[in-house]
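Given next are the chains, with one letter for each unit.
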Amino acid sequence: VTEGKVPSERKAGALADGMAIERFTVLYDDYYSRVYAYTVSRFGRQVADEVVSEVFLIAWQRICDVPQPALPWLLAVARNTALSQFRAAARQQSIAAELANWASEAEADVAVEVADRLTVIRALAALSEQDRELLTLVAWHGLSASAAAQVVGCSPAAYFVRLHRARRRLERALTDSAQDTAVPLPHSPDAPAGILTAAFNEGKERSR
Amino acid sequence: MNQERGGLRVRQPDVMDRLAQARPSSLDRSPEPMRRAAAIAAATGGSSPRHGGRKSAASRRRLAVAVPSSVALVTAAAIAVVFAAAPSGRGPERPQQGGSARATFTARDVLLTAATHVASAPTRGKFWMTTTVSGELLPAGTKLHPYDMFLPTRSTQWAPRRSGLREWTVSRTLGAVPATPADAAAWRAAGSPQSWNYFKATFTTSASSPTATWQTSDGTVGLVEGDEPGLTPAQFRAMPASPRALLARLRHYARGTWCGRHPEAGCATVDQLVWSEAVNLLEDPVASQVRVATFKVMADLPGVRLLGKMRDPMGRTGYGFGSGPNAAGAIAVIDPDTGSLLAVEGFGNAQRIVCRPSHERGFHTVAKPGAECATPVYYGRNYPHQLSQYQVVVSDGWTNSAPVLPPRSAWIGPNGQRG
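Which chain is which? The protein sequence lines are A and B, in order.
For the first sequence, position 27 (counting from the first letter as 1) is numbered 27 according to our numbering, and the numbering increases by one without interruption.
Positions in the second sequence are counted from 1; adding 208 to them yields our numbering.
Keep in mind the hints are simulated off the structure, nothing from the lab.
One should not assume that every hint holds.
Unchecked claim - Some chain A residues judged to face chain B by a derived CB distance under 7 angstroms, without partners named:
| hint | residue |
| --- | --- |
| 1 | Tyr36 |
| 2 | Val40 |
| 3 | Trp102 |
| 4 | Glu105 |
| 5 | Asp116 |
| 6 | Arg117 |
| 7 | Val120 |
| 8 | Ile121 |
| 9 | Trp140 |
To be verified - Some chain A residues well away from chain B (every beta-carbon gap over 10 angstroms; in silico):
| hint | residue |
| --- | --- |
| 10 | Ser33 |
| 11 | Val152 |
| 12 | Val161 |
The beta carbon of each residue, even a glycine, is placed where N, CA and C say it ideally should be.
Between the sequences and the hints, there should be enough to build the whole structure, so can you do that?
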């Protein structure tokens, strides 16, 4: 112990708090956008703001435990928070509205090179929640398969298997979507009944 | 880009590439300055980070007065409710009305009164001794039947005048109590549990035996926010005793705080930060003239509001003050008759974090004892009208008496070692 050099715990605590604030701020600035993007794509923007702010509250509470790299951890917290705090019906309605938004966005986009977008979005909408998540974590949010596995809480090996299957289902849905037969447009009158589709159409109506 | 053309399958770009191309641009949103400031303030202002899972010793830090809990997203509305919904015997009371005439005194009046009643106190001694009681709100119960407990901790610190000597803190928890009558009902319905776990610690409804923590002093005996390592007795003695010079000094400290260095975050005005520094100074070993000057500086600060006569958590009567429209997060209770700071109380914004053991479907407010909380799940509410933390100043002053310590087996050294 060097005499006079050891800061007392009280002051060290104060210093550590200052550092913690800096660290938190950096974390927020680095990852806010990515956490938001994931949360919107997974759960829809109706719930995203609430979920994302809770993610960062938790990150602050546990600032010393946030691992490096932080992104998979943050996304996992977002996922757990949304799944535990919002009823299934609320989540489905939020994501259905979100899917409808994407379809409108793709439709409104006149650029030739993005004509494929609507096809892809429709195909994506036809997939299960789980498949969408597996695919977009990699394709939209830039996670490696092992990081994505951390987010959904499975082993990388299991993730690869699931991703492979999801990919095949997306390919199949893309074919259907391009042929515009099996997958009805969101506003199609012959849309199959069901909570997702109903909410999807509802969201579509609202987004217009 | 048709899938089929003339019956021949055209080679498509990889499906993952097509998916990547279709990423909606509406997913992107950069944090707006306001949202960012609010988020950072809400997170860092509401609660302390937990260092390495260890519960922060309640005695070690002062409650932030304006920085940054004043920016907790609880606004002036909360103050109004403090008046309306104050639980009996604890919350603020309406200003007393003298005789038939309605009391018309202002924040300035009360603070100037305090300035005239500052008692002179010894300015020398071997130890700067402070005794405080800090309270914090802790979640307990289960997901279905949650309730909150208030945990008070009493601490006495002996900070030696000279560096190199041992600085001692003797603290004990005083036993947790249900935070509100509603919490008390929920606690009783749960069988009045005498202890519960939260993160890695066990809390009980009975007082603990004291522990004595020591470390080698660096010579500092108190702190100002902008000078985090603290100041030495000599530095406190050199604090200016004229209000004008003191204000300049406090402004200097205020600008050294995180909020002061990041005005773009909008977490507090310079006046609010100065108020916070001034409240801090009331707990520091300054000469009585400096304390007088401190009250005068506080009296002339814009935006300071008198919240009325109130009792502190120990039942002592004083007047509550907030600084600025956003100060609902913290109230300083000052006794004008003795010219002293009684307590700083934080309202609202307590967060509840619960752990969900991944192998179970149910929720628990506790991690398994000794187990890391693998999946922290936040749920619950804010408590905009409710006391969430406080720090009461029981006494402070210079003393020549040696620290009163518990048995050696209850000593904890700077590296966590016993003895």
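Here's how the hints hold up against the structure:
1. Proximity of Tyr36(A) to chain B holds as hinted, the smallest CB-CB distance being about 5 angstroms (cut-off 7 angstroms).
2. Given the 7 angstroms rule on beta carbons, the hint for Val40(A) holds: about 5 angstroms separates it from the nearest Cβ of chain B.
3. A hinted interface residue such as Trp102(A) counts as satisfied when its beta carbon comes closer than 7 angstroms to some beta carbon of chain B; here the least separation is about 4 angstroms, so the hint holds.
4. Among the interface hints, the one on Glu105(A) holds; its C-beta lies about 5 angstroms from the nearest C-beta in chain B, closer than the 7 angstroms criterion.
5. Of the supplied interface hints, the one on Asp116(A) holds, with its beta-carbon coming within about 5 angstroms of a beta-carbon of chain B, less than 7 angstroms.
6. Using the Cβ-Cβ criterion of 7 angstroms, the hint placing Arg117(A) at the interface with chain B is satisfied: the shortest such distance is roughly 4 angstroms.
7. For the restraint placing Val120(A) at the interface with chain B, the shortest Cβ-Cβ distance is roughly 4 angstroms, inside the 7 angstroms limit, so the hint holds.
8. The closest approach between the C-beta of Ile121(A) and any C-beta of chain B is roughly 6 angstroms, which is under the 7 angstroms cut-off, so the hint is satisfied.
9. Residue-level restraint check for Trp140(A) holds (minimum Cβ-Cβ distance to chain B is 5 angstroms; threshold 7 angstroms).
10. Consistency note on Ser33(A): stated as away from chain B, yet its beta-carbon is not over 10 angstroms from all of that chain's, at 6 angstroms minimum.
11. The Cβ of Val152(A) lies farther than 10 angstroms from every Cβ of chain B, with a closest approach of about 13 angstroms, so its non-interface assignment holds.
12. The Cβ of Val161(A) lies farther than 10 angstroms from every Cβ of chain B, with a closest approach of about 16 angstroms, so its non-interface assignment holds.
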